[in-house]
Structure formats: C-alpha cells, structure tokens
Amino acid sequence: MIVTLSMAWRNLWRHPRRTALTAAAIALAVMVLTFFFSVQVKSYDMAINASTGIFHGHFQIQREGYLDDPEMRKIIPSVNQLRNELKKLPQILGASVRAMGFGLVSSADRSYGAQIVGVEPEFEGSVSNIPGVVIAGSYFSSNEDVGIVLGEVLARNLRVKLGDELTLMAQGYDGGSVALALPILGIFQSGSADIDRGLVQIPLGLFQEFFGMPEAGHAVVLRVLDRSKLEEVGAAINKIVESNNRQLVTLDWMKLMPGLNESIELDMSAGWFFYIALVGIVSFTILNTFLMAVLERTKEFGIILAVGARSGLLTRLVLIEGFFLTILGLIFGALLGALVVGYFGEIGFTAPGAEEVLKKWNLPGRIYPEVSVASFSSPMITVLIASFIALAYPAYRVLKLDALTGLRGGQR
Amino acid sequence: MKSIGVLLVLAVRSLSRNKIRTLITLAAISLGVMSAVLLSAFAKGLSYGMAENAIKTLTGHIQIHAHGYLDDPSAELSFSELNQKDLSALKSGGVEKIAFRIRIPAVATSERESAGVTIVGIDPQQESGMSFISDAVRQGEMIRNPAEPGVVVGKDLLRVLKTEIGRRIVIITQDATNKIVDRGFRIVGVFESELKSTEKGFIFMGIATAQEWLGLKDKVSEAVIRIESVKDSRPAAKKLGEILPQLDVRPWQDIEPLITSLTQVHDGFLVIWFLIVIVAISFGVINAQLMSIFERTREFGVLMALGLKPKQLIVLVGMEAAVILIVGTVLGDMLGALGYAYLNRGLDLSGFASASEHLGFARIVYPHFSLFDWTLCNVLLLVIGILGSLYPAYLASRLNPVEAISGRGKE
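Sequence lines, in order, name chains A and B.
Per this note's numbering, the very first residue in the first sequence carries number 1; after that it's consecutive.
Per this note's numbering, the very first residue in the second sequence carries number 1; after that it's consecutive.
Here chain A stands alone, though its shape is the one from the complex:
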C-alpha cells in the first residue's frame, strides 16, 4: 500500500504544472463555495435571529386558527397560568403573554389603522427586542402604567411626539366599539418597517380592561435558549399546552413567518444552481487531467500489467492520485476560503443596493461572514464527490485495460 501511495504521489508531480492548475481549479471552486456558504449561513442566521427577536419569538401558543384568521374571540383563557407552566421548562429563556386587536389610532390631525398589542411589561423584554430599542421616553415599567408605546414611523406619520395624547378606537371582545385616550410614554425603532409603521403597545392589564377580556390573551410568546434544538423543545412545549387546553396549538417561527422560512429555502435552492454549475466546470477539468494522465501512460500501464500486476492495482493507483490531487485542491481552497471569509468578516460584505434588500430580511446593510463547520464542510464534501464522479471514467478505462492492448499503446 505504501508503495502505491508513494507511486501515486510521484506520478502527480511528473507534470507539476498540470497538477498545480487542476488543484488551483479545485481550490477556486472550494474557495468560492466556502465564501458564499459562509455569507449565506451567516445571513440566514442573522435574519432568523432578527425576525424572531424583534417581535415574533421562537414559539407562540395560540388558539387553533388564530394565525390565519386573527379574531378577537379566539382567546386563551387563564393565560397567566399557562405562561407560568411553560416558563418552568428548562430550555425556555422567556415567556410572555400578548393580546392583540386592530384599531384606529388618532392624533390631533392624523389617523392610521394599527395593530394594538397588549404586553406584559415585566416579561416582554425576555421575548422581544422592542423594550430595548426605545429611542424616546421609556418602555412600560409595570402593568399599572397608563400609556402607549409606538413605532417611530407611525409616530412620524401621526405627527406626534413624546407625551402627546393618542386616541384608540376598536371593536371590543363583545363586538361593541370602545375608545380610549392615552399619553405616549415611549417611541421605539426596531428596524423592521412593518413593525415600526403598524404597531402600538399598551400594558396587558389595560388591554384586557379596554377590550373586555379579563385574564385572557391571544398568544404566549416564547424564546428558547438554543434555536438548534427547536424540535425537542417544541415537543416539550406541546405536551404542556395539550394537557392545558386541547384547543391550543404550538407554532414555531417557521409557521409564524412562513415567508421568511420559504425565502431562505428559495435562496438556498437558487444558490445550489450556481454551485453545481461551478463544480461541474471544475469536474470537467479534473476529468480532462485524469483522462490524459491515463491515456499518456497506456504503454506504461501495459508494462506493469505485463509484469504481473492486476488491473485493480492500477485502478487503485489512479484513484489515489485523484484523491491526492483533490485533497491538495481542497486544502488550498479551504485556506483561501478562510482568508476571504476572515477578510470580509472584518470589513463586512456588502454590494450596491444591498442595504435596501437586506432590510427586507431585517438585516443591517453589511454581512460579516464567519468561519463555521457547515460552511467549510459542505463545499469540501461537494467538490470531493464531484471529483470522484469525474474520476470514474478514467478509472474504468484503466480497469478494462489488458496488458497487450496497453503495450500496443491503447489501439486494439
């Protein structure tokens, strides 16, 4: 075996330029793939974190059907008890109750429709970033606060500032209309246009009183410690929820934000189209190199066979040569990839127009890719597989070679 290995290694360097070029092509593919993977992995991660972190959370418990058709009547009764039970689960970082309704928000000279959200001041910060991004005034400090916190765009549209009074008008739980005037306690800027434009918050107690639904809420929002364990945490949550009330459902962020989840899937599928094309081009180069390497040595192989070697040995030799060459390319590619990723990890990766597009994903204008296991292993494995597919034909030719044909230089 050692002999085969050293033979393979030496054979590679009989044509140093060809070997170097082929390895460079492999390295190019690995580098490019590693870089794009790193940017993708990082931006999906950031997009999910941002979108779940701003408002939606990792899980929400709701009445069945509320997500598609958010009717005021679809409440969770005795919601505090459920929240307390869920909070005890070890994987849960935060749990908070929300109640939601749609209403007309009016200032002295402007009116807009907006989502009115009742929140628990004590716990909201453990499931949402909004309490942390208040740019004027302050967030609620207790459930007894009487006031309103709203998004910065909505405040601008309503032409109001801190301390101004807003009137909320909506349909209450029993269908009658209700109205309430409240001072502005805080203005937040989450970075998500939809939320900054369309959302006002009031303390849950006030909401329950205002809409006439005491002790009830529309959702328990949960944030988990580790997003990668979503499934098992979801199962644990579901167990508690089902024992509590059979009409409730546990929804993870993929169900809460199907658009985000699918956009990621679409982006990945589109990405693979690019990657496969690139790997395909490089595979042809590998195929060319090895086919030539095999063809030009037909006579030599014939001699080796004639002196008694089995063709399996030669096939192995060719495969090992291919393996060495690929590994060489992979190593250089991974190193180059690490350099590029590291460089853009420092200065950030952006493109003209990217800022506006990334905003749609709740992302800042620059992506700082990171070196991660996934973003390095996938390109290397992909290229390795492709190179073995490319090697199959040259190896097959060697396998079928017999001593006489070989000695004659390949002609039958």
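Source of the hints: derived by calculation from the structure; they are not laboratory data.
Watch out, some of these pointers could steer you wrong.
Stated by the list, open to error - Okay, derived cross-link-like pairs now, PhoX-like style, lysine-lysine, Cα gap no bigger than 20 Å in a straight line: (1) A:K87 with A:K239; (2) A:K87 with A:K229; (3) A:K74 with B:K162; (4) A:K360 with B:K196; (5) B:K56 with B:K200; (6) B:K196 with A:K255; (7) B:K155 with B:K56; (8) A:K360 with A:K255; (9) A:K299 with A:K88.
To be verified - Covered stretches of chain A, going by a simulated chain B footprint (3 or more residues, C-beta under 8 Å): (10) 26-33; (11) 94-105; (12) 112-123; (13) 248-261; (14) 282-294.
Keep in mind it's a predicted model, so treat the numbers as computed, not measured.
The beta-carbon is built from N, C-alpha and C at its ideal position, and this holds for glycine as well.
Start from chain A and add chain B according to the hints.
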C-alpha cells in the same frame, strides 16, 4: 500576415487530433456559458417581473403627488387636477396615458372585523390600460363611472373582514380638513391579484364619490402616467418635473426602492459570478493547452527548425485556445437559448408561495434576455480565456528546437 490562414488550419487540425480532450474542454466551456446565460435570464426575469408587476398593479411609470405626500399620504396633501395647459405640456413631454386617483389610508370595518387598508378613488376609464384593476374583478362588477356609490374590494380582504359581496362595509378615514369621517359602502365587486398583500390592502371606489365624501372638490392625491417606453421613466420624470415644479414627480424606481435595489444587487452579483465562472473555465482551457503543447514538443521543435518564429508559435497556440473558446461559447449560447426557450413558458415558483408574498415577486417567473449581460459574459470569457492561454503559448515559444526535437524539452 499571410501565415494567419495557415496557422488557423494548423490550430483547427491539432484541436481535432485529440478529440476527447477537446470535447471535454468544450463541455466545460459550454456548461459555464450556458449557466451564465441562464442565470442572467433568470435574475433579470425575476427583477423585471417584480417591476412589471408593480407597474401594472398601481405604480405606473411615473407618479405625480403634492410635495410631502409620499411621506404623509393624507387627504390634506392633495393637488388640483391639472389644467389644459399643463396636460398638453405633459403630452408633448412624452406622456401616453394619465390617470388621476385619490389614494389615502383608511380603516375598513364589517360587522365583525376591521382592517387597515388604502382607499383608491379611480376613474375606471382612465385605469383601463393603466393598472390591473380594470380587468381584475372576478365576482360582481367593476365600478363603471367615477360617481358610482359602490366599492370593489380584494378577495383576501373579504375573507379577513368575514363579509361578502352585496354587504356593506364602513370605511373610516380623514377628510381634507383632517376630520375623521366614516361612511357605509356596498361591496359591488371582488378583485383578485397575484399578491395577497394587494388583495388585502386596497379598496377601489369612484373618484368623484371619494372627492365628494372627503370634501376634496376637484383635488386628487396622485396622477399616474404611462409613457411610451418604461426605460425612459427616469429622464421623462425629470423633464415632467421641470414642467410641474409645484409638484413632486417621481419615476417608478423611486416609488419601488426595493425592486430598484434588488436589480442593482442582481447586476453586481452576476458580474462577480461571470468572473468566477470564467476563471474556472480558463483554468480548464489553460490546462488542456498545457497538455497539448507537452504532447507536441517534438512537433513544435520540427516546426521551429523549419522556420516558424516563436511569435508565430504564440499566435498558433493562442489561436487554438481562441478556436476552442469561440466554439465552446457558441455551443454554450445555443444550449442557453434552448434552456431559455424551455423556461420561456415560465418557471413556476408557486411551491414558494409564501416567499413570493414575502419578497413580492410573481409566482411564475419568465426569463428575460439581457443583451448587455450576454455580451459581457461572452466577451469577458473570450478575452480572459485567450489572455490565459498566452501562458502555455509563451512556454511553447521558449522551446529550444534542438532539445525539443530530441524530446528533451519536457516540462
């Protein structure tokens, strides 16, 4: 140089001598070119589709508003319909079609639910050929004249409000003096649209009805314009802005910044990707050329001994690369054209319905051929590929005839 013809014949013959290698190299080149052509067509198709969809929905090519309306779309910020003088000035400025609208945010309520919407007051005649609404009503009837009392709502809004055609909804908004007003309207028609957000977001009514209700007299919120060619939107908007300095004239690119940015990102990405693919292809071509000159060391020695100058040898090897690159590119373009013809029926992305809703693109994406991208990737490939082949050509030209003939001029 008379020898070019001879060298070309030599180049073609030597390429066809090792058919399998030439074929593999051709395959790599054409795969790369095909992928580049198709990716450009798809990326362009996606952003053109988004732009087309937006333009056809309500955006138009150019919009005119009162200054400040875009930040604060209220009834207060409206402007008087244009007079004859302005209109004829617009016509001579390239305006093909113009529609006036009331467009303000409101809240719609049924007996059971309420939702935030935008009410759009239209003149149905002006909208035909301008926006989607003229032929989007699937149930009931479209508003026929500007003073008709009924409203047309989207299918999804009907679901949200839990109401149905023929029933009344109450619309609450602010009038021209910022007073909150509400009025009941009968739903006379239901429209459908590509995007749910459109179905959920708009309620159409006659423009005269809206003007009367909101105390706007002859005032409007926006004028939407179509010009002959969408490409000229930006310069045309600039020209119209000079005709109407008292108003805010914007091309669609300003109204839909996300689409504009996405197009920009696609364009940048395509150029980067072209370069990556081209470099990968060039490695393959250089590699093949290296092998080829290595095999032909002896032949080159003979040619040089017969008087072929090193410069001519460079031209010969360069020409081989050029021939294989050109043939590969043409093949790739042909494959790309085939793929394009196949995709021309539309790439169905309805499996990604939520994503299309989220990002605002149509469910069926039609590829769009961009002459610029095509020229860019073809020319770049030929230039970079031929430049790359100068390396093996240079190696060949350095051969010493005596050593080469004896077979000692190997790498």
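Status of each hint after checking the structure:
1. About 13 Å separates the Cα atoms of A:K87 and A:K239, which keeps this hinted pair within 20 Å; it holds.
2. About 17 Å separates the Cα atoms of A:K87 and A:K229, which keeps this hinted pair within 20 Å; it holds.
3. For the suggested pair A:K74 and B:K162, the alpha carbons sit about 15 Å apart, so the restraint of at most 20 Å is met.
4. Among the hinted pairs, A:K360 with B:K196 is consistent with the structure: their alpha-carbon atoms are about 17 Å apart, no more than 20 Å.
5. About 17 Å separates the Cα atoms of B:K56 and B:K200, which keeps this hinted pair within 20 Å; it holds.
6. This hinted pair checks out: B:K196 and A:K255 have alpha carbons roughly 17 Å apart, not beyond 20 Å.
7. The straight-line distance between the Cα atoms of B:K155 and B:K56 is roughly 18 Å, inside the 20 Å bound, and the hint therefore holds.
8. Simply put, A:K360 and A:K255 have alpha-carbon atoms about 18 Å apart, close enough for the 20 Å limit, and the pair holds.
9. Taken as a hint, the A:K299 and A:K88 pair is broken in the structure, with Cα atoms around 75 Å apart against an allowance of 20 Å.
10. Residue count for the segment 26-33 of chain A with a Cβ under 8 Å from a Cβ of chain B: 3. That meets the three needed, and the coverage hint holds.
11. For a cut-off of 8 Å, the count of residues in the segment 94-105 of chain A with a CB near a CB of chain B stands at 3, and the three-residue condition holds.
12. Counting residues of the segment 112-123 of chain A whose C-beta sits closer than 8 Å to any C-beta of chain B gives 3, which meets the bar of three, so the coverage hint holds.
13. Check on the segment 248-261 of chain A: 4 of its residues sit with their Cβ under 8 Å from a Cβ of chain B, so the three-residue criterion for coverage holds.
14. For a cut-off of 8 Å, the count of residues in the segment 282-294 of chain A with a CB near a CB of chain B stands at 8, and the three-residue condition holds.
When held up to the earlier numbered hints, the structure conflicts with hint 9 and nothing else.
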